[in-house]
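Peer 1: Position chain B against the provided structure of chain A, taking the given hints into account.
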Amino acid sequence: KAGVTQTPRYLIKTRGQQVTLSCSPISGHRSVSWYQQTPGQGLQFLFEYFSETQRNKGNFPGRFSGRQFSNSRSEMNVSTLELGDSALYLCASSLAGISQAFFGQGTRLTVV
Amino acid sequence: QQQVKQSPQSLIVQKGGISIINCAYENTAFDYFPWYQQFPGKGPALLIAIRPDVSEKKEGRFTISFNKSAKQFSLHIMDSQPGDSATYFCAARPYAGNMLTFGGGTRLMVKP
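Protein sequence lines, in the order shown, are assigned to chains A and B.
The numbering of the first sequence is this note's numbering, which starts it at 1 and goes up by one.
The numbering of the second sequence is this note's numbering, which starts it at 1001 and goes up by one.
Keep in mind that the hints were calculated from the coordinates and are not lab data.
All of these numbers come straight from a predicted model, not from anything done at the bench.
One should not assume that every hint holds.
[What the hints assert, rightly or not] Partial chain A-side listing against chain B, Cβ under 10 Å, derived:
no.: 1; residue: G16
no.: 2; residue: L43
no.: 3; residue: F45
All C-beta atoms, glycine included, are put in the ideal place defined by N, C-alpha and C.
Chain A extracted, bound-state conformation:
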């Protein structure tokens, strides 16, 4: 069974640009969550989607958005990139949002 797949693995963007990251959950999983990991702030919850609906949202500015498609694949978008957005962005999937969460390897975003 394939794990959680995140693409791309690495990205370099310029300040002010926007970026879209993709996450394909484990087959059959309907809940997808996104996290930001930085050395200073650690692992922080961004948002969770379940059956194409955003169920929870973390304390991030509106520049961070996401969506989930009918096949449970999810994308997150960051607009007007800032240097502080440089981080490892992790996606996690679970069966129904109350079960074990499996993480992908993440997308390393560098903003220059």
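Peer 2: Okay, now just chain B, sitting in the frame of chain A:
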């Protein structure tokens, strides 16, 4: 504010020794307490998890101890091995949804 405090930040243990990592939480709505292991360049992987109706759970060399009244839980790694060298995160989550709140992480080094 929902917080999970983790200590120590770093830990050095001799091979064969016991590694102990502690976490404390504030939000009594938390209902699920997982521990994750993360190697460099990888996403976090679930090690073991516990619910508050159980005081201890053991899986192989890994044991979680849970003290509901003190709102504290800890991870014990018995017979620590060099391959256990990684960063460990405790986390907490309310019953519904996959919104994990993570501790700050503990970098474990097991010396041969």
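Peer 1: So, for every hint listed, does it hold in this structure?
Peer 2: Each hint, compared with the structure:
{"no.": "1", "hint": "G16", "result": "violated, 28 Å"}
{"no.": "2", "hint": "L43", "result": "holds, 4 Å"}
{"no.": "3", "hint": "F45", "result": "holds, 5 Å"}
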